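Chains as they are written, first to last, in this note's numbering: chain F, 55 to 168; chain E, -13 to 99.
Quick caveat, the hints were computed from the structure, so don't treat them as lab data. Treat each hint with caution, since some may be false.
With a cut-off of at most 27 Å between alpha-carbon atoms, the simulated DSS-like pairs for lysine-lysine come out as follows [unchecked claim]:
hint, chain 1, residue 1, chain 2, residue 2
1, E, K69, F, K95
2, F, K57, F, K110
3, E, K69, F, K160
4, F, K95, E, K(-3)
5, E, K64, F, K160
6, F, K57, E, K57
7, E, K48, F, K110
8, F, K167, F, K122
9, F, K57, E, K(-3)
10, F, K163, E, K30
11, E, K48, F, K160
12, E, K69, E, K48
13, F, K163, E, K(-3)
14, E, K(-3), F, K71
15, E, K1, E, K64
16, E, K69, E, K(-3)
17, F, K110, F, K163
18, F, K71, F, K167
19, E, K64, E, K30
20, E, K1, E, K57
21, E, K30, F, K95
22, F, K160, E, K57
23, E, K57, F, K110
24, F, K122, F, K95
25, F, K57, F, K160
26, E, K57, E, K30
27, E, K48, E, K64
28, F, K110, F, K95
29, E, K(-3), F, K160
30, F, K122, E, K30
Using C-beta positions, here's what the derived DEER-type ranges look like [said to hold, decoys possible]:
hint, chain 1, residue 1, chain 2, residue 2, range
31, F, G70, E, E54, 49 to 57 Å
32, E, K30, F, K122, 26 to 34 Å
33, F, A132, E, D49, 46 to 54 Å
34, E, L25, F, L56, 18 to 26 Å
35, E, V85, F, T81, 12 to 20 Å
36, F, Q111, E, K30, 27 to 35 Å
37, E, Q45, F, P93, 22 to 30 Å
38, E, G58, F, G70, 46 to 54 Å
39, F, H135, E, L25, 22 to 30 Å
40, F, Y76, E, L99, 35 to 43 Å
Bear in mind that the values here come from a model prediction, so they are computed numbers and not experimental data. For glycine and all other residues, C-beta sits at the position ideal for the given N, C-alpha and C.
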Amino acid sequence: ELKVEQNPLFLSMQEGKNYTIYCNYSTTSDRLYWYRQDPGKSLESLFVLLSNGAVKQEGRLMASLDTKARLSTLHITAAVHDLSATYFCAVDMNYGGSQGNLIFGKGTKLSVKP
Amino acid sequence: EAGVAQSPRYKIIEKRQSVAFWCNPISGHATLYWYQQILGQGPKLLIQFQNNGVVDDSQLPKDRFSAERLKGVDSTLKIQPAKLEDSAVYLCASSEDWVDTQYFGPGTRLTVL
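Full structure from sequences and hints, please.
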């Protein structure tokens, strides 16, 4: 059974600081997603990482994927309050097969304080 | 481009009652998903449709949950009878095909009393 673990689950940061969220998964997959969810809102797609060594950046967020280590990271640079949200990683359990079953981590609740 | 539409946004029912949720995916998206998100957790896939056929319903509690996607467009998810532990947000998502990014709707927040 594929398991997806995120850490930390809660993160309180000061504005201007850098931090990294980690996403580990238990079986082979070459497709990983990062989503953002604001309180009471739905999920917004941030990044899709499709191969080993893939790196994507958007604004203050940068995501990377190491399929050999089964690890993805979401790095936050110079955090601002607008980044406060819950961030989920999701791994495609059947990539390379016939389905698109995503297994989500529990999420990292990020709070950026002045 | 219009996003994934869901209704209702909120629903409160008593246990043992029935409830139905509706989803209209992004136009042209062949794949439709229903997820259950319990407070404090990540979404869990309930059922996946490709056009109007079921691809994966392995995590759907079939004794009480049912879903259909007639004509390969809109979909409904039904719970009958509801239990307290069904209280959650039910999210619908769609993608162009199963390999593509999933786009999520606003969700329906269900409270079972």
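Here is how each hint holds up against the structure:
1. Simply put, K69 of chain E and K95 of chain F have alpha-carbon atoms about 24 Å apart, close enough for the 27 Å limit, and the pair holds.
2. Straight-line distance between C-alpha atoms of K57 of chain F and K110 of chain F comes to about 23 Å, which keeps the hinted pair within the 27 Å bound.
3. Restraint check: the Cα-Cα separation between K69 of chain E and K160 of chain F comes to about 23 Å, which is no more than 27 Å; the hinted pair holds.
4. A distance of roughly 16 Å separates the Cα atoms of K95 of chain F and K(-3) of chain E; the hinted pair therefore holds under the 27 Å criterion.
5. Our distance criterion of 27 Å between C-alpha atoms is met by K64 of chain E and K160 of chain F, whose separation comes to about 25 Å.
6. Taking the CA atoms of K57 of chain F and K57 of chain E, the gap is near 34 Å; set against the 27 Å cutoff, the hint is violated.
7. At most 27 Å may separate the alpha-carbon atoms for a hinted pair to count; K48 of chain E and K110 of chain F exceed this at roughly 39 Å.
8. Straight-line distance between C-alpha atoms of K167 of chain F and K122 of chain F comes to about 35 Å, which puts the hinted pair past the 27 Å bound.
9. At roughly 31 Å between alpha-carbon atoms, K57 of chain F and K(-3) of chain E are farther apart than 27 Å, so this suggested pair is violated.
10. For the proposed pair K163 of chain F and K30 of chain E, the alpha carbon gap of about 18 Å is at most 27 Å, so the pair holds.
11. For the proposed pair K48 of chain E and K160 of chain F, the alpha carbon gap of about 25 Å is at most 27 Å, so the pair holds.
12. A threshold of 27 Å between alpha carbons decides the hint, and for K69 of chain E with K48 of chain E the separation of about 13 Å falls inside it, so the pair holds.
13. Straight-line distance between C-alpha atoms of K163 of chain F and K(-3) of chain E comes to about 26 Å, which keeps the hinted pair within the 27 Å bound.
14. A distance of roughly 40 Å separates the Cα atoms of K(-3) of chain E and K71 of chain F; the hinted pair therefore is violated under the 27 Å criterion.
15. A hinted pair counts as satisfied when its Cα atoms are at most 27 Å apart, and K1 of chain E with K64 of chain E qualifies at roughly 14 Å.
16. Between K69 of chain E and K(-3) of chain E the alpha-carbon distance is near 14 Å, which keeps this suggested pair within the 27 Å criterion.
17. Taken as a hint, the K110 of chain F and K163 of chain F pair is honoured in the structure, with Cα atoms around 21 Å apart against an allowance of 27 Å.
18. Between K71 of chain F and K167 of chain F the alpha-carbon distance is near 10 Å, which keeps this suggested pair within the 27 Å criterion.
19. Under the criterion of a C-alpha separation no larger than 27 Å, the hint pairing K64 of chain E with K30 of chain E is consistent with the structure, at around 16 Å.
20. Between K1 of chain E and K57 of chain E the alpha-carbon distance is near 31 Å, which puts this suggested pair outside the 27 Å criterion.
21. As the CA atoms of K30 of chain E and K95 of chain F are separated by approximately 16 Å, the hinted pair is consistent with the 27 Å bound.
22. A C-alpha spacing of about 34 Å is found between K160 of chain F and K57 of chain E, which places the hinted pair above 27 Å, so the restraint is violated.
23. Note on K57 of chain E and K110 of chain F: the hinted pairing is violated, with a Cα-Cα distance of about 37 Å set against a maximum of 27 Å.
24. The suggested pairing of K122 of chain F with K95 of chain F is violated, with an alpha-carbon distance near 34 Å, which exceeds 27 Å.
25. Restraint check: the Cα-Cα separation between K57 of chain F and K160 of chain F comes to about 10 Å, which is no more than 27 Å; the hinted pair holds.
26. Proposed proximity of K57 of chain E and K30 of chain E is supported: the alpha carbons are some 25 Å apart, at most 27 Å.
27. For the hint linking K48 of chain E to K64 of chain E, the alpha-carbon distance of about 10 Å falls within 27 Å, and the restraint holds.
28. At most 27 Å may separate the alpha-carbon atoms for a hinted pair to count; K110 of chain F and K95 of chain F meet this at roughly 24 Å.
29. With a CA separation close to 24 Å, the supplied pair K(-3) of chain E and K160 of chain F stays within the 27 Å bound.
30. The straight-line distance between the Cα atoms of K122 of chain F and K30 of chain E is roughly 25 Å, inside the 27 Å bound, and the hint therefore holds.
31. Under the hint 49 to 57 Å, the C-beta atoms of G70 of chain F and E54 of chain E, about 51 Å apart, fit the expected range.
32. At about 27 Å, the beta-carbon gap between K30 of chain E and K122 of chain F stays in the expected band of 26 to 34 Å.
33. At roughly 51 Å, the beta carbons of A132 of chain F and D49 of chain E sit within the given window of 46 to 54 Å.
34. About 23 Å separates the C-beta atoms of L25 of chain E and L56 of chain F, a value consistent with the hinted range of 18 to 26 Å.
35. Between V85 of chain E and T81 of chain F the beta carbons are some 18 Å apart, a value that agrees with the proposed interval 12 to 20 Å.
36. Checked against the given bound of 27 to 35 Å, the beta carbons of Q111 of chain F and K30 of chain E, roughly 30 Å apart, stay inside it.
37. In this structure, Q45 of chain E and P93 of chain F meet the distance hint of 22 to 30 Å, their C-beta atoms being roughly 26 Å apart.
38. In this structure the supplied range 46 to 54 Å holds for G58 of chain E paired with G70 of chain F, their Cβ-Cβ distance being about 49 Å.
39. The supplied range of 22 to 30 Å is met by H135 of chain F and L25 of chain E, whose beta-carbon atoms lie about 24 Å from each other.
40. In this structure, Y76 of chain F and L99 of chain E meet the distance hint of 35 to 43 Å, their C-beta atoms being roughly 38 Å apart.
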